[in-house]
Structures are given as C-alpha cells and as structure tokens.
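Peer 1: Residues per chain, in single letters:
Protein chains: 2
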Amino acid sequence: MDELYITKVNVKDVRFPTSLNLDGSDAMHTSPDYSCAYVTIRTNDENVEGYGLTFTCGRGTEIVVQACRVISKLIIGTKLSDIYHDFAACWRMITSDPQLRWLGPEKGVMHLATAALVNGLWDLWARIESKPLWKLLVDMSPEQLISCIDFRYITDAITKDEAVAMLRANSSRRAELESSLRATGLPAYTTQIGWLGYGDEQLRSLCAKYLAQGYKAFKAKVGQDLDSDLRRCEIIRKAIGYEKDLMVDANQVWDVDQAVDWMKNLAKFKLKWIEEPTSPDDVAGHAKIREQLRPFGIGVATGEMCANRVMFKQLLQMKAIDYCQIDSARIGGINEILAVYLMAKKFQVPVCPHAGGVGLCEMVQHLQMWDYICLSGTSRNRMIEYVDQQHEHFENPTVIKNAHYMPPTSYGYSTKMKEESLRKYEYPHGTEWQRMIHENIFPAPE
Amino acid sequence: MDELYITKVNVKDVRFPTSLNLDGSDAMHTSPDYSCAYVTIRTNDENVEGYGLTFTCGRGTEIVVQACRVISKLIIGTKLSDIYHDFAACWRMITSDPQLRWLGPEKGVMHLATAALVNGLWDLWARIESKPLWKLLVDMSPEQLISCIDFRYITDAITKDEAVAMLRANSSRRAELESSLRATGLPAYTTQIGWLGYGDEQLRSLCAKYLAQGYKAFKAKVGQDLDSDLRRCEIIRKAIGYEKDLMVDANQVWDVDQAVDWMKNLAKFKLKWIEEPTSPDDVAGHAKIREQLRPFGIGVATGEMCANRVMFKQLLQMKAIDYCQIDSARIGGINEILAVYLMAKKFQVPVCPHAGGVGLCEMVQHLQMWDYICLSGTSRNRMIEYVDQQHEHFENPTVIKNAHYMPPTSYGYSTKMKEESLRKYEYPHGTEWQRMIHENIFPAPE
Chain A
1 MDELYITKVN
11 VKDVRFPTSL
21 NLDGSDAMHT
31 SPDYSCAYVT
41 IRTNDENVEG
51 YGLTFTCGRG
61 TEIVVQACRV
71 ISKLIIGTKL
81 SDIYHDFAAC
91 WRMITSDPQL
101 RWLGPEKGVM
111 HLATAALVNG
121 LWDLWARIES
131 KPLWKLLVDM
141 SPEQLISCID
151 FRYITDAITK
161 DEAVAMLRAN
171 SSRRAELESS
181 LRATGLPAYT
191 TQIGWLGYGD
201 EQLRSLCAKY
211 LAQGYKAFKA
221 KVGQDLDSDL
231 RRCEIIRKAI
241 GYEKDLMVDA
251 NQVWDVDQAV
261 DWMKNLAKFK
271 LKWIEEPTSP
281 DDVAGHAKIR
291 EQLRPFGIGV
301 ATGEMCANRV
311 MFKQLLQMKA
321 IDYCQIDSAR
331 IGGINEILAV
341 YLMAKKFQVP
351 VCPHAGGVGL
361 CEMVQHLQMW
371 DYICLSGTSR
381 NRMIEYVDQQ
391 HEHFENPTVI
401 KNAHYMPPTS
411 YGYSTKMKEE
421 SLRKYEYPHG
431 TEWQRMIHEN
441 IFPAPE
Chain B
1 MDELYITKVN
11 VKDVRFPTSL
21 NLDGSDAMHT
31 SPDYSCAYVT
41 IRTNDENVEG
51 YGLTFTCGRG
61 TEIVVQACRV
71 ISKLIIGTKL
81 SDIYHDFAAC
91 WRMITSDPQL
101 RWLGPEKGVM
111 HLATAALVNG
121 LWDLWARIES
131 KPLWKLLVDM
141 SPEQLISCID
151 FRYITDAITK
161 DEAVAMLRAN
171 SSRRAELESS
181 LRATGLPAYT
191 TQIGWLGYGD
201 EQLRSLCAKY
211 LAQGYKAFKA
221 KVGQDLDSDL
231 RRCEIIRKAI
241 GYEKDLMVDA
251 NQVWDVDQAV
261 DWMKNLAKFK
271 LKWIEEPTSP
281 DDVAGHAKIR
291 EQLRPFGIGV
301 ATGEMCANRV
311 MFKQLLQMKA
321 IDYCQIDSAR
331 IGGINEILAV
341 YLMAKKFQVP
351 VCPHAGGVGL
361 CEMVQHLQMW
371 DYICLSGTSR
381 NRMIEYVDQQ
391 HEHFENPTVI
401 KNAHYMPPTS
411 YGYSTKMKEE
421 SLRKYEYPHG
431 TEWQRMIHEN
441 IFPAPE
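Taken in sequence, the protein lines are chains A and B.
Numbering follows the working numbering, with no gaps: position 185 of the first sequence is 185.
Numbering follows the working numbering, with no gaps: position 109 of the second sequence is 109.
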C-alpha cells in the first residue's frame, strides 16, 4: 500500500424512476426518484479501485455530484498509506477545509458528498485487505479503530480512553459472536408494507407477503391524515397480529405538540416507536415528545437526517431517543458513524440503522455486524431496516435469509454497482433515461 | 404587480482575493477569499429586477451557484402577486420540495442558496414598492408581516397570535423610533482590529484608527494559541482602555470543556462575550459553556452558522446564549430571520447581527432597523457587526456615521452589485481573475 496513491475520482449521477410507482413515498417525500451520487476512486494500480455513494431523492443529485468533485480534489495525489495510517486526520482535512467548511459545516450537501467519498475510501481499504468491510473493522485493534475517529466536539460525551475501554470489554467474546453472526445473521424489519402512496389492498397483500418471509417487525408511514393512519394501522394489526412489532414513521411532518397529540390517537395499536416525529434538528423537541409518549409505551426513533455526530451527541445527552438510527451516507462516512455507535453504547441506546435508499442496506449491514461483534454484543432490541429496492443494481447485493441480514463475504463495502446499471441509469445520458425522456415519461433536463 | 411574473434567474459566482492579505482570517477560516453567489431575478418588465446573494469563502462557491440554479426553477413563471400575497407558502414550497429537501433539510448549501434567492425576492418587492427594505417591513401590519413566516417546527416556542401581539405592543412608538433612527442610526462594532492573520503592530494601529472613528466596541479573533491570545488582548485593552466593550470570537475551534478552560484564562480582560466557542450545532454545549462562564462575567454569542430557525429556537429555549447573532444569508432569507427575531424577543435575548462578509452589512442593517422600530424598541445592549470590506462593490453601500449604521434611503435590500465589479470579479472569467491567474497569483481552475 506504500506505493499506492489516488490518481482520480470519477463521480456519476445515477437515478432510478421510483416516482412512477410511488415506491418510497412518505408524508414529506411524496414522489422520490431514488438516486445516488456514485464515486469511483482510482489509484495508480488499475486493479485497485474503491466505490462509494450517497443516497439522494432525484432532483438536486447534480449538486451533490459537484460537491463530490470539489471535495475529491483534496485527496488526489495522496498516498493511501498516509490516509489509512491517520484516517482521523484525513477526515478532518476533508471536513474542515478552511474555505469549504462555510458551506456546511459538516451538514447537508457537503456532508453527503463527504459520505460518498469517505465510504469509497473504506471500500478501497477493505478491498486492498481482501476482507468484507465488517471484517476489516472487526479485525482492528481498539486503538487502530479509534485512530479513525475525529473526536472534535464530542469529548464532553466520550473520550478516546473510554472508547478503547468499551471496545476492550467485549474482546473475549468476539470469536463466539462472529460465529453466531455467520450462522444466523442479524434481524431485519421491513418498511415495504406501507409507503404512503400505496392503497389498502396493496397494504394487506404486502403484510401477508412479508409475514410469509418470516418478518417479525413492520414499519408503516403515517402523518398525512389521521383517519387514514387509523385505518391503515388497523389493517396492518389485523394482518400481522399484536405479537409482532409495529413501528410508524412520520418523516418530520409534525410540530412538537402536534406529534404528541397525533400519536396518542395511534397508541392503541401498540407501537414500538414513532420515527422522525418532527424536525431532525429539534433535539429538545424530541426529548419532549419522548417524555410525553412514554406513558403510552411508544418510543422515539430518529437519525436518518441527523446532520452529524454533534447532533447525535445531543440526542443522547438529552435522552431524546429510544432508538438511534444511523445512516450510512448522511453523516461523514464510517469514521463519524463509529463515533455515534460508541456514544450510543455509552448512553445505552440501541442502534437500529436506517436503510432502504439506494445502497443503504448494502452498507449499514456491515456497520451493525461490527457493532454486534465488537461493541453491543447482542442483537436484542436491535434490527436493521430492509427495503427490497434497487439491490439488483449492485454486484454484491444484501442476502436476506429468514428475515435476517447474512454477513457479506465479498471484499469491500458492498458499494460497487453493476456496469450495466450505470449505463442504463446514469442521469440523464443513460439508455433508460434517454428512452423515458424520448417517450415523454420524464421531461428532458433543462 | 398582478401582471408581473418571474421570467429568469441569473446566478453568478463572484469572488474577491482577500486571502492575499489574510483579511477575514480566523482560527478556522485561515485564508478565505470572500465571495458570494449572486442572484438576479428577472421579470416580464425589463425595468423590474431583484438582487440577492449569499456569502461564501471562495472554493465551493460554484456548488452554491448550482444550488441557486436548481432552486430557481421552482419559481420561474410564478406571478409576483402569488408570491407576496402568501410568502410563507412560497417559502415552504422552496424549502420543502419533496425531492430536494433530502439535501438539507433547511441547512448547508441548500439553505445558503435559498437565502440568496429569497433575499432577491425581498429586494424585488421593496424596489416595486419604492422603499428601502427596512421601511417596507416597518410599514407592514403585524398580520401582513406574520403572513411571510412559516411557523412549522416553532409553534412550541411561539405562536402566530403571540407574534402579532408582540408587534402590536410597540406600534404606538413607531413614529418616534423611526425619527430617532433617521437621526442617529444604530450602533456598530468593529471586528477589523484583530483578524488572526494580522500582526501586533497592525493590531495597535487599527485600534487607534477605529477609536478615532468613534467606535465603542471591538472584537478580536482568538483560539489558535493561548499565549498569543493573552498578548493580543493585552495590546487591545491597552489601546482602548477598560471602558469600551471588548468581545472575542473563537470561530468554533474548541470542544466544550476546552472553551470554558481557555476563556477563564482570558476573563481578566473583561470580555463582553465569547462568540462561537464550539460547534454551531451544539446547543447543549453552548448552554453548558454559558453556565460555567457566567461567574466570570463573560456572555455567550452565536448564530452566524446556526443552521435554521429550529436551531435558534433551541438556543433560546435552553438558555444557551446571551446574544443572538442572526446572519442575513445563512438561514432561508428574511422570512425565516423574522421568526428568529420574534423568538429572541419572546425569550428576551438581544439580537446583535453577524456581518462582515460580502454584502452582509448591507443586508442586516435593514433587519436590525425593523427590529428597533417594530419589536425591540431599543438599541440598548444591541449592536451590528461592521467590517470595512467589499462595500465599494455595491451600488448602495452602508453609510456609517460616528460608528453608527445610518438607515438606507435607496430602494431595495442594498444588495445590488456594481456592473463593473461583476465584470472584474466574476470567477473565473472576470478580468481581475484572468489577470491574477495569468500572473500566477492564483492557479487556474481545473
């Protein structure tokens, strides 16, 4: 690795026309085209490449693509050994560029782009080490793992020494946990029963379908209309019974007090959590909602739009959440997500990763598997979101058995897309987009 | 206005080579090139245009420019009467586009772009009404003003009725306050004595210069090196004495506990506030710092990188700040800033606007003048930052008399740049950039 360095970063705008079927529709994102900014990191050895991505919802992906290109310039020419020997320093260099940081800092478009690039760097590392990403993480010493994390702004919640101690505490159980992981995987839940754009019949048949596949936990979208939510929850509970877990997701549609009132109306359906009840930035609001919904047995979950580790820190410090939903491509890649896992462990909040968007299932499984073996040591009260969309575009798609994510065996972070999918769905010049534009299914870009 | 509609939005990348002199240098932004994304909103009447901008620091401005172009598409073809008759609805349409909001929401690049566009819409409105922006705001009824604000996510802190009542409470004093404003303006403080890149001699001579101009409040950058901070504060206090206000600004360089420790060392210099002691996202951290520094008589100020009204809401609810530093181009333009002023009034925290970057002084003065006349009714404990940079590029630059901002008299939001400045400083094709690139003062863009 000493002689390898980064020669080029290629970035593509890849979009899938999911709005045609309202797949992925919720109270705030009524007609998304699931998309991503897709990064290929090239080195001076043409056989050594890394692949990273960040999820987007269609329009505006070109902005993230451009941000990826701007940030990429910061690492062109850098030796890989310099990156991985002090990954925290590299991460800070990328996120704290003295001119670029005004555009965030560490949030929004710039942080999505950071995620794509940093995810690509981790994929590259795992490929060089000939390991699946989760195994690369698992095989690191506590000190090596910690050396990847920038602790700026979180030392009031967790120190490096505490983090190392937490990682050491579990080390004797690693072999046993890894073998259990390889045997049974980690539990998944499905969000696919209840996108808001789906009708009641579709809801019923999807409940039956996923029950038959062995799912024990189900999530539905709510928040557009209370009567409709009551009807939909009724349909779901009739289909899955009251022994299975049911969660609901409002995708930020409510104000704080409104969230409490609305959810009281749904409490009779025995809901495990309400996800994203209000603005993802409102830590104090989530804390208030959590306190007021506790008597009703409803937990609070959030994280897929939590901007960075500083926001997660506060959600934990202020006891605002019952479930911590890390996302693999919203905050600045694995380096920052590891910090969130460590803080969640310290504050005793289980991590239930967000997934479903393009490539998100492929990525988060690795992180949760590392957590299972090295940090939490349990799958109790933990599960990974699963949505059966866009997996066919990846070279190493998720493997789900009996509603469990099975550990990836191929090298890397499972982020590499198929060449054919890129040829078809690169926007707007891919063959499928050209066809759909030609057939007036979508307008031509301006 | 009924027949006017938006035909086109032109966006330019405008940069000034301030890094050559280290103007604007601080602990985090060590060599900024003060820049902006500059928006011209065209209508079907070629004599009716609006100008808006958002401040940036050089690299990456092209990303914000692209975001402005993407967001602009949302309002092309819209009638101006439809926008201004329900400005809150238009604002929500821009900030909650179901595909674009994933890229924020309401933060970072997308919100900077929103600010540029929305500021342009306000400038356009004031020009149509033939008023300076502050006077347009002052002349609105409480109900009309409130109709511009999207209250989503803040109703747990302030309701529309409360806001209207606060605006009504002051209405009898408006004429008196407006005449006092026209006579003496509003107090400014200077940040220009102590950019971190400046030497000690420069510090001394700048203190003398601004003292002579009548300034009673001064701000210096700190946070890179404690010994240097001690020496610089000593120099400044020797120059300005202990009767004048001295503030310091760390630009987010510290962790929470580090901020407290560092500032205790500087307490002997009688500092009015420490600005941006840590991450702008760390509401709980600011609250802790404020509590621990109170015994030392040091207040806490922040806001220039506060992402949106939800973050400001929490800073106020959690008693995390003594001074609320709104910025005219970080959050989503005047509509959202009005919400922050109203919440600050309710929580009894004075607003001291951030300014200094390209066009920021020009804009914030209007907002503070509206606040003075319609909401706070006082200039006590309030002042506007002033930096004497880039004003020469605006058609209607700020007018400072005896260290006071004097009320603008020309129509609009003071945001229109001179054609000659655009010709010279548009990046990278402006004549000055072409010269500097040709002379190898700056590299050519890739």
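Please keep in mind that the hints were generated in silico from the structure rather than gathered at the bench.
Computed from a predicted model, the values in this text were never measured in an experiment.
A portion of the hints provided could be inaccurate.
[Unchecked claim] Restricting the straight-line Cα-Cα distance to at most 30 Å, the calculated cross-link-like pairs of lysine-lysine (DSSO-like) are:
#1 LYS346(B) with LYS8(A)
#2 LYS79(B) with LYS319(A)
#3 LYS160(B) with LYS79(B)
#4 LYS12(B) with LYS12(A)
#5 LYS73(B) with LYS424(A)
Peer 1: A separate judgement is required for each hint: does it hold in the structure or not?
Peer 2: Hint check results:
1. LYS346(B) with LYS8(A): 53 Å, violated
2. LYS79(B) with LYS319(A): 47 Å, violated
3. LYS160(B) with LYS79(B): 26 Å, holds
4. LYS12(B) with LYS12(A): Status holds; Cα separation ~25 Å.
5. LYS73(B) with LYS424(A): Given that 30 Å is the threshold and the Cα spacing comes to 26 Å, the pair holds.
Checked against the numbered hints listed earlier, the structure breaks hints 1 and 2; every other hint is satisfied.
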